[in-house]
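Novice: Okay, here's what each chain looks like letter by letter:
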Amino acid sequence: MQDLLRRYGAALTAAFILLTGFWLLVLVILPNITLFEASFRPYLPVVDVGGPRDTYSLNNYAKILDNSVDGSILGIPVHMPVHILTFLLTITYSALVTILCFCLAYPLAFYLSKVVSPRSLPTLFLMLFVPLWVSEVLRAFAWYIILALKGPLNWFLLTLGLIDAPVRWIAGYDGIIIGLVYTYVLFMVFPIYNAIQSLDTNQIEAADDLGASWWRIHWRIVLPHSKPGIASGAVMVFMLSAGSLLVPSLLGSPNSNWFTQTIQQWMLESQDWNTGSAYAFMLLILCTVFVSLVMRLFRVKLTDIAK
Amino acid sequence: MSAGIDLDNVCCDFGSFRAVDHVNVNIQPGEFFSFLGPSGCGKTTILRMISGFTDPSSGAIRIGGKDMKGQRPNQRPTALIFQNLALFPLMPIWENISFGLEVRGVDKATRRKKADELLALVDLPDAGDKMVSQLSGGQKQRVAIARALAVEPSVMLLDEPLSALDLKLRQHMRAELRAIQKRTGVTFIYITHDQGEALAMSDRVGVMSQGRLQQVANPRDIYNNPVNGFVASFVGENNILPGSVQNPGAGIASFETAIGTFRARLGDQSKGDVKLYVRPEHMTLLAAAGAENSVPVTVADVSFEGNFIAVQGVTANGTTLTAELRNDGSATVPAPGTQMHMTFDAARAAILPNTTGA
Chain U
33 MQDLLRRYGA ALTAAFILLT GFWLLVLVIL PNITLFEASF RPYLPVVDVG
83 GPRDTYSLNN YAKILDNSVD GSILGIPVHM PVHILTFLLT ITYSALVTIL
133 CFCLAYPLAF YLSKVVSPRS LPTLFLMLFV PLWVSEVLRA FAWYIILALK
183 GPLNWFLLTL GLIDAPVRWI AGYDGIIIGL VYTYVLFMVF PIYNAIQSLD
233 TNQIEAADDL GASWWRIHWR IVLPHSKPGI ASGAVMVFML SAGSLLVPSL
283 LGSPNSNWFT QTIQQWMLES QDWNTGSAYA FMLLILCTVF VSLVMRLFRV
333 KLTDIAK
Chain B
62 MSAGIDLDNV CCDFGSFRAV DHVNVNIQPG EFFSFLGPSG CGKTTILRMI
112 SGFTDPSSGA IRIGGKDMKG QRPNQRPTAL IFQNLALFPL MPIWENISFG
162 LEVRGVDKAT RRKKADELLA LVDLPDAGDK MVSQLSGGQK QRVAIARALA
212 VEPSVMLLDE PLSALDLKLR QHMRAELRAI QKRTGVTFIY ITHDQGEALA
262 MSDRVGVMSQ GRLQQVANPR DIYNNPVNGF VASFVGENNI LPGSVQNPGA
312 GIASFETAIG TFRARLGDQS KGDVKLYVRP EHMTLLAAAG AENSVPVTVA
362 DVSFEGNFIA VQGVTANGTT LTAELRNDGS ATVPAPGTQM HMTFDAARAA
412 ILPNTTGA
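Heads up: the protein sequence lines correspond to chains U and B, in order. Heads up, the first sequence is in the numbering used here, so the first residue is 33 and it goes up one at a time. Heads up, the second sequence is in the numbering used here, so the first residue is 62 and it goes up one at a time.
Worth flagging that the hints you see were computed from the coordinates, not collected in a lab. Take the hints with a grain of salt, since some may be wrong.
Claimed, not checked - Calculated pairs, BS3-like style, for lysine-lysine (alpha carbon to alpha carbon, straight line, at most 25 Å): (1) K174(B) / K243(B); (2) K146(U) / K259(U); (3) K127(B) / K259(U); (4) K243(B) / K229(B); (5) K333(U) / K191(B); (6) K243(B) / K175(B).
Kindly generate the complete structure, drawing on both the sequences and the hints.
Specialist: Now the structure itself:
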């Protein structure tokens, strides 16, 4: 604070604080409080709002337990409320997306931070960033076209003779997974890149000199060192995937359903903002719980991620 | 257990820059050998070539008679101690030390036992369960040595491992390293820019400049009989006088300088551009002129250094000469401004070529 004042003067400092405060209060805290409050109230005709029927209850939250159906999660048959099934499928596939992103990002991050010569780094980073300059909608549509039954991907694979008949890529959750991995993989690359970047190359050489094979060097030296980066990347990719609406809407199939789509149905199709809010908070809270459990499982602390 | 190393005409180029230039040396099994030179002289490159992290551009490296061409660092019987030690901060000390055994599939109980033995060897018992960050600089040093010894290397390579320590600890670790080397009998190759370290610890020293090995000899010969001006002035202090040889021949020759003609040893290679090198501690201060190699000076500055007294004298033409007198209680310290004579023994002065470095 003192530092800020000395460096930028009173006027600029005040501007910084006011703008940050405005963003935090008006754009983050107030809307959330409003929705949180609304989530406990029933959906009523306008004349009844504020009337005797407008009381606080957990009824909106309880709606998630309605309508049990038969379904399957990763091939395991289950019988449970439809919205809980959707939620479980959402976090299962978000976790899968996170794992796939890690598998793609880790080798890339290692290559960028320890193998490639620093001179070609700007070019490579530019190539990674350019897709981010295109809007997410456009990118999702691009994948919709690429993955179409008569689209370029199938044409390419047929021409090469790798497949005999066109593959229906946008089936089940496949399209969503492909789309989400593409959209969020960079959120995994950069934290891991930063983490590996900070690893002293001499440690890799020391392990090599002591006779370690390359996989042991990664398992014992590089991976443990990059754990905080992996954790923050994984949390970001998982939360963004579970909260994504655009990609599941565009690349989903008739038999896929993402929890955000359920929230959207409550909010827009049923016009029931109260239940929609309740579902949104359930998504937030349950995802946070899930992430905390996984972090505990891998012995990662929140303070490690903040580094 | 320990192995000798032959460097046979080894060169290493980085682009157009030749970092190591035709280096030939045979290091004996069990020897403590130091490469001594200023930074950028190629000594670290030699170490990286022996350990396998850098490939020679030409020439051969043999360890225990076996050509190391194409052998990866993890296939060589060498263990490298890095300048910054490169301990693994996320493992406890005992896992650090036994990492090389873990790699070889040794079971946990045996690894722990071996780690404790090595910790005892480097005088750090009970440190096994600590983390790297809990140790002091000198203790980390010992852990790095223990980690390298754990894989029972034939050759230990040390890249200026003492440079980060403070003076007292450095002197202590010198003796320690030497003792560990004697105890284990492993060949030590030591890289340093610190002449004191190299002279105090080594069986033999190789002095390097600009990628070339200038001289390989035992510490005494390096100091007393340097082959050229670079070695003479890099190792120890000198009074350096330019001039020319009057009656060349073997042994003692006359050397004409701006402040007089002196008699001094003439090295075998003394041809072309030569200078006269006299160490300050070989200069004697006399009240009257000596029989030979005597030059009148005015005492300009006297500095008391504790174990010796440095006297700076200026000759008639302004050349400054330094004499160091041992502070044994008998030395009479002249006052600045006194007229005196500085002399030196012909056998203690050398006429050396000024060809390389310096």
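Novice: Given the hinted pair K333(U) and K191(B), is their Cα-Cα distance within 25 Å?
Specialist: holds (21 Å)
Novice: Taking only the CA atoms, is the gap from K127(B) to K259(U) under or equal to 25 Å?
Specialist: Cα-Cα ~41 Å, so violated.
Novice: When you check the alpha-carbon spacing of K243(B) and K229(B), does it fall within 25 Å?
Specialist: holds (22 Å)
Novice: Regarding the pair K243(B) and K175(B), is the alpha-carbon distance no greater than 25 Å?
Specialist: Holds, at about 20 Å.
Novice: Can the restraint linking K146(U) and K259(U) be considered satisfied, given a maximum Cα separation of 25 Å?
Specialist: holds (17 Å)
Novice: Does the structure keep K174(B) and K243(B) at a Cα separation of 25 Å or less?
Specialist: At roughly 23 Å apart (the allowed maximum being 25 Å), K243(B) and K174(B) satisfy the hint.
When held up to the earlier numbered hints, the structure conflicts with hint 3 and nothing else.
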